[in-house]
Amino acid sequence: MSKEAHNLIDGNEAAASVAYRTNEVIAIYPITPSSPMGELADSWALEGRETIWGGKPDVVEMQSEGGAAGAVHGSLQAGALTTTFTASQGLLLMIPNMFKIAGELTSFVMHVAARSVATHALSIFGDHSDVMATRSTGFALLASGSVQEAHDFACIAQAATLRSRVPFLHFFDGFRTSHELATLDMLSDDDLRFMIDDEAVQRHRSRGLTPDRPVLRGTAQNPDVFFQAREACTPFYDACSGIVAEEMKRFAERTGRRYGLFDYHGAEDAERVIVLMGSGAETCHETVDWLLARGEKVGVVKVRLYRPFSIADFVDVLPPTTRSIAVLDRTKEPGAVGDPLYLDVVSALREARDDGLGRLNGDPVVVAGRYGLSSKEFTPACVHAVLDELGKSTPKNHFTVGIVDDVNHSSLSVDRGLDIEPEGVSRAIFYGLGSDGTVGANKNSIKIIGKRVEHAQGYFVYDSKKAGATTISHLRFSDQPIRSSYLIGRANFIACHQFDFVDRLDVLAAATEGGTFLLNAPFGPDRVFAELPREVQQEIIDKKLRFFVIDAYSVARECGLGGRINTIMQTCYFAISGVLPREEAVAEIKQAIESSYGKRSPVVVQQNFAAVDQTLANLSEVAVPAEVVGEKARPPIVAEAAPDFVQKVTAVMLAGRGDELPVSAFPVDGTWPTATAQWEKRNLAQDIPIWDPAVCIQCNQCALVCPHAAIRAKVYDTGDLEGAPDAFQSTDYRAPGLKGLRYTIQVAPEDCTGCQLCVVMCPAKDKASPRHKAINMEPQRPIRERERQSYEFFLGIPELDRSRVERLDAKGSQLLQPLFEYSGACAGCGETPYIKLLTQLFGDRALIANATGCSSIYGGNLPTTPYTVDANGRGPAWSNSLFEDNAEFGFGFRLAVAAQTELARSLLGGLASQVGDELARAILDGEQHGEPAIAAQRERIAALRAKLASLDDPDARRLEHVAGALLRKSVWIVGGDGWAYDIGYGGLDHVLAQGRDVNVLVLDTEVYSNTGGQQSKATPLGAAAKFAAAGKETPKKDLGLEAMSYGNVYVARIAMGAKVNQVLHAFNEADSYPGPALIIAYSHCIAHGYDLRFGTEQQKLAVRSGTWPLYRFDPRRVEQGLPPLLLDSDPPKIGVKAYMRNETRFRMIEKIDPKRFERLVAAAQESAEQRFAVYQQLAGITVPVPREDEE
Amino acid sequence: MDLTTRYLGFELDHPLMAGASPMVDDLDQVRALEDAGSAAIAMHSLFEEQLAGEQISTHHSMESSSHMFAEAMTFMPDLPEFRLGPDEYLEQLRRIKEAVAVPVFASLNGTTLGGWLDYAKLMVDAGADALELNLYQVITDPTRSAAEIEAGHLEIVRTVASEVSVPVAVKLSPAYTSLPHFAAALEEAGASGLVLFNRFYQPDIDVEELEMERRLDLSTSGDLLLRVNWLGILSAQRSIPLAASGGVHTGIDAVKAVMAGASAVQMVSALLQRGPARLAEVRDELSAWLVEHEYESLEQMRGSMNLAHCPDPRAFERLNYVRLLMGWAPN
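Protein sequence lines, in the order shown, are assigned to chains A and B. Convert by adding 226 to the 1-based position in the first sequence; the result is the number in the working numbering. Convert by adding 16 to the 1-based position in the second sequence; the result is the number in the working numbering.
Derived by calculation from the structure, the hints in this document are not laboratory data. Careful, some of the hints might be misleading.
As the list claims (entries may be wrong) - Cut-off 35 Å, straight-line C-alpha distance, at most; resulting in silico cross-link-like pairs (DSBU-like, lysine-lysine):
#1 K825(A) with K113(B)
#2 K669(A) with K113(B)
#3 K113(B) with K1363(A)
#4 K282(A) with K137(B)
#5 K677(A) with K113(B)
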């Protein structure tokens, strides 16, 4: 980064590049969409990149954003140049420190990828609700609207904070800017040195705490002085905007890029003006240009420095002719007079009028508008609608734009067909799967093309699933600057990398006439057209598209690339789009392959080279007939049997048309129905498991380990087989207690992800040919329909009565219906089998509090969710509060349940004589452990309800409301290790110490999985993770041992792949234990870096090596005179190395630094042995039981 | 006693050296081997197939999870030094070269002609004093003939030997229909030495779990006899230096190997069992035996019991088997 360079990076990198080079300490905590900034800083530090003063910053990951803010505050106080990166909830957690940092007039810039704050729902996408929540902290708020600005403003903010002493929050739109790849001019180190005033740096340092010049900061002040002392900072705020303006001027002199505190773009004699900030301003700029060319008198004010707000500078940029102003906010403050920018603009205009500032001829009409919440598209059509509205005599105030609001009637109507993009822009859209490499390939393509065109832009849309996520890549190339901060509406090139997409997505909707369509299909050029739905055929004919086809999966297989078709589809794009001459493009692709994979995997380079060559030989143009052929039509998105809400709302979202749903379609408070994942048939698996009853030993382990509840066991009466499809397989059930029943293992063919965990787990082998197991993978497509019918029939067979299941062991538990199914978790996920088991055992009486993270995303991310109900309509009630508070949140569930139970018991006691003493006593004293007892209590409660209905007593009415609370509820607190070990640890510890009946399930992947593999305190010694790239030096925190120290907490450490029945014991004991219970569950994860089909095998190695000892600590055993701790696994039999070498997270250290690896292995070995020895000793300790008579 | 010998063009003080084993992964062990007097250090093989497999599987496990989800572009730290090529092996080779003064032989098992050549060159660049080409290959394809396989192997040896500047030895398996013919062809193709023989991982059956288990048992002195047999035949026919590998645990074992014609004697199992210092003991036993039996030098003994010089050459042929049968009688 020594010289100014034309470069192609995203907004996160643009901001981080400046922040990294101008700070000495970086304290962060991962949160989407800001995580890449911290990760980049970490990897640059590892590479040894230097700041502009030489040396490299100290990059540290903290346990929460609150912790990061504290570390930042401390570092600033001690005189270091310090920065951080965050967003959304993370920013909220920093607010207390922000007040302090500002109150102490501290030079500091934080960079925020602005993201929605969770309200009725969490959203990872972009708006300004987080930034607007910090308005009162005293931070300067500086808004960037593009990748270039994110780079430039990071620099301007750093320069200005050092001079002004006002801390800065520099923000840009999450995803739209943070994740947009765009061409920009990079600031060189010399540019930064020019902008950063070394004397101001020295002044910052000299304010730092040192015992050589001791001062006291952070006093407590009283009514006599606090107020006055608070006012003392005002001159610094008064000076701040002037300093920013000066720094912008110096910046322009150096770089030629001019910015103002407020930038006006438009007609000098504009009458209608939009005021806004962020990336939407770029869309306004582009639209205003288009309207100016059509003679319209319009303009836009881009707010750069929102706080401190300079009234004089603001009114100065408004043309005198301005008659109406629309102030657009990207946030919602319910109940306020208006959203924040609007209120500020109205006040500013009023003050300016009173003070005679500005050039305005009259008193313009000002209206408020809201747009873009959670990255809602804000297009030129939206801008046009706003400007049209401003032309009306009484424009609508407090409008919304970009949605249809049929409840409050706030929305403006938008002409969605409006297309203003200039002809010179080359536009391409690619539909792919997350796992097929489409996005990576497109990022690659942009970089290749970006070298040859003046301006390039890439933006990537992901859906909410982890396994089989759909990705849509939007690429623009132009010789003119690209200001289009919205998705491509009309594209001259469309590629669909997955054939099945044509059935459910209108991939050609954006195709322009005469454009090009590239399809990956398992059919040749002669057949493919007829295999398309008629709707798609018609679109190809009507739009006169050139149509190309390739069987990319065949080419990939031949070249040894498995399911990765990225190189192949990328080559096709270059071959037919004409963006580059073909020869040149092929050479460039090969060069890119070499530079991407060359050092790490030379073999992979050769495979990809072969794929490039094979692609050109296999790509064909399809002769498009004049008429549609065949009868194949697009199938319905969801089955006809789906409930009304699913048909009207969910199906629309599934079709990719959720933007069209009006306000009235939605629940008002974020309450959604469960049981919707069953309607989304994704057909992700190339191969699915098929059961062979002749080999099966009926152990049910396949069903137990399935992450998606896509292979199930059922025991049923012979009579239930009536009407079974011919292909439906059934055999006699072999169990001593349940005679004369039938048994089936059935795959859900359209829900299975093909992970193969079940096949690896299956212990049953054909004696004559042990390669053949009781379940075996077969290609899905040829048997899809057959198995679909079988599965439908299977689901129709009644579930076995829960109280008939004799033993709730690994086998018996799988005869219970899973109430968590077909989630969006990764194929082979190690977490979901535990959650599924939880719902099988307790789902019909469970409340689940779920910490934010993977489990809340696959558990609660729309459009469809996996928690479901049984035939009685019962199932888990689930909610997610935050990341940091989940233990407390679930604890609250228990308090509420207990309060209702207490009320119900009290009412029942009072009504005992009326409902019958015997019934009342049975309910109040009824034992509620085990399914038969639970069933009996349910019957008693039903009897009670019947009695109550006949009673004319107000208490009877009250009891009717709470009678359900007489059934014992199972309260579960579920989350990952990031929550339990780090951000939520304080709360978890407190909740465990309360002695109340809650069950905590920690899905321990030993790393932050959802945000992309950052280390947590659960990360084991020796593992490479982000922020511990050289391999973690310290052992994993022993959360279980800490919990045991209370003595009254049930603690279990489990690994399903290693010992299934111990898992079942732990769940059942945790539920039955009347106090707090903690289960720590080994969860293999894609962040470990190996083929997850071997997840359970790795779990075995983890246990056998002593890396993951299995145990149960049950305080109840004390009363029996037994040691409370029971070790469930044997002393280590193999070295930890045998376990570690199978996973890339450990192996990468071995490859980089074998000596270090050996040292870490030795330390891990020692740690494993020591810990096991501690457990062994504890397992031998009996605790004296105090006897009452000894008192 | 003069134990000097000449192997792969190197003048060695004695014929004993550490053969291919995991010991070379630990520099302390390597130094201990040199201290024990190992005349050279033979490294274990770099397996092209394993490198390729690891590259592909790691690539897929890392790539298939990148750019698939809005919240996480990747799941692993991006470390430019993380390479899955032969660097690890080459780096260890460099370190061993720095650590010891004796010749270091690198060993290679390739799967493609390009791989054989590329890796061989890299090994030489990294300082290998000689190469051992490990031709071990399990052929399961019934359409491929022995002649075809041998021709392929000769092509590999010819290509590598002509492209690298150091001596090239070939490590053989005993299972050839005509080992003498193949040995002659190898010499013609440019091999500077032959190592007899490779020992294999052979699959064992876990009869309870119905799984295959791969295992490699350490050798015993009994394993030496196969080597003695073929050393005796080949050394009588060719001048190409031969190394015995497999079954040398004692001084007497070494004596037998040299008598059968070995110029070099590699030891592995004995060193794994009893530590690097065992090599010095065996050398001393060898030396003492020669003194005791009044040999002038090792060279005098070398090949003395081979097909050309032993009292009864038929012992090297089928008669060996026949006589054993005839000598056996039930009680």
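- [ ] Give me the numbers of the hints this structure contradicts, sorted from smallest to largest.
- [x] 2, 4 and 5
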